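For chain Z, the structure is supplied; the task is to place chain R on it using the hints.
Top line first, the protein sequences correspond to chains Z and R. Just so we're aligned: 237 in the numbering used here is position 195 of the first sequence, and the numbers increase by one with no gaps anywhere. Just so we're aligned: 40 in the numbering used here is position 39 of the second sequence, and the numbers increase by one with no gaps anywhere.
Derived from the structure by calculation, the hints contain no laboratory data. All figures in this text were calculated on a predicted structure; none of them were measured in a lab.
In silico SDA-like links for lysine to any residue, alpha-carbon gap of 20 Å or less:
hint, chain 1, residue 1, chain 2, residue 2
1, R, K44, Z, R97
2, R, K44, Z, E99
3, R, K44, Z, R103
4, Z, K126, Z, F144
5, R, K44, Z, S102
6, R, K44, Z, W104
Which chain R residues face chain Z? A few, computed with CB under 8 Å, are given here:
hint, residue
7, G14
8, V15
9, A30
10, L31
11, S33
12, A36
13, K61
14, K63
15, K64
Each residue gets a CB set at the ideal place from its N, CA and C atoms; glycine is no exception.
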Amino acid sequence: MKSRPPALATWLFESLTRREHREALAGDLLEEYNRRRSDTWYWRQVLAAVVANFRTELRSRWVSVVFALVVCGVIPWTQLFLNKGFQSFLVTGIQLKWPGSFLVGIALISVVQSTILLAALIIFIASTNGFHSRRFWIGFCAALFVLAVGNTVVAILQVLPWPRPFFYYVVWRLPLFFSLIVSMWAASGHARQIGASHLAL
Amino acid sequence: MLALLRLGEDAYGVPIAQEIERQTGREVALGSVYAALERLQGKGLVSSRLGEPTAARGGKAKKYFRLTSQGLREVRETRYALMNLWRGLRELQGEPT
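This is chain R alone, in the form it adopts within the complex:
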């Protein structure tokens, strides 16, 4: 969901996987990205629209994803909850060694 926010209007399978790889340093399977997006879509947190088919993709259309207002609210709430959990942990203060 954060990758969708970062990519904005250009969020389809390939850049989403690349963004996750860039941020986490791990290779992500495109199939897993779509499986996760499908679940999020089922929960109403993400919506999708089809783009135009291109020759570089064998005539297959891109599917663009974006967060719904419910999805954005969910991200905000999760961020708030995580920040509360991180706050005040003395052991984690300072630079990583």
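Here chain Z stands alone, though its shape is the one from the complex:
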């Protein structure tokens, strides 16, 4: 028998795929890996499984996707983050050298967005029957991580010559969108329980 497949890939697979076919698929991956495949093959298969799983989730949890789109669409981002007070505080209010000022700026934006995220998450959970307390907190922590990483990436991407409307209306909202999706999926019950009939918005 060959050595074990990459542990990180296996952990990602087990964390990011649904229980339904997970055991059978994990067995298939191991069988093929032991037969003739490489670590690269295993990683490719895990990533493909995660992407396929995400697409299935999107299809079965379309209500939460629409909800996240609405939340990200209605928030007055420009007024919140481009107002003079907030901008001058970011530029002159943080008495730290780079990269400290950069990181604190991202943290501030993430805190404001995480408040919006928490409010939206509570509204979503109150409107559905799928609340699970432990998963709620796991989902919220995972969402904060996604938000912080996403805002860092967006802040770095800001230097690229994006068309301004595209940056403000699409790129800027992506971290909150994905973190909302992560938190809603984690906090709610099984995917198939969350349908249009359960959402009383």
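Chain R only, in chain Z's frame:
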């Protein structure tokens, strides 16, 4: 669905992916195979049963898939529709060049 028909009783993830690869010449991700099978199962075209766990698979059971009678009917109807579409296309007659 055609791969399931070809494999019969031995249709689980690995041979299904291999059969598709053999017939199409393209590598298929096992995760995509399961995602497609899950959709077909949701539509009632495919059913599944768990096999025995084996040591070679880290103690994990195989999941065998087969077409339901509704799935078989769907395949027949699709075949009939495709044959009708192909029939009479003069440009496609003869050997491939």
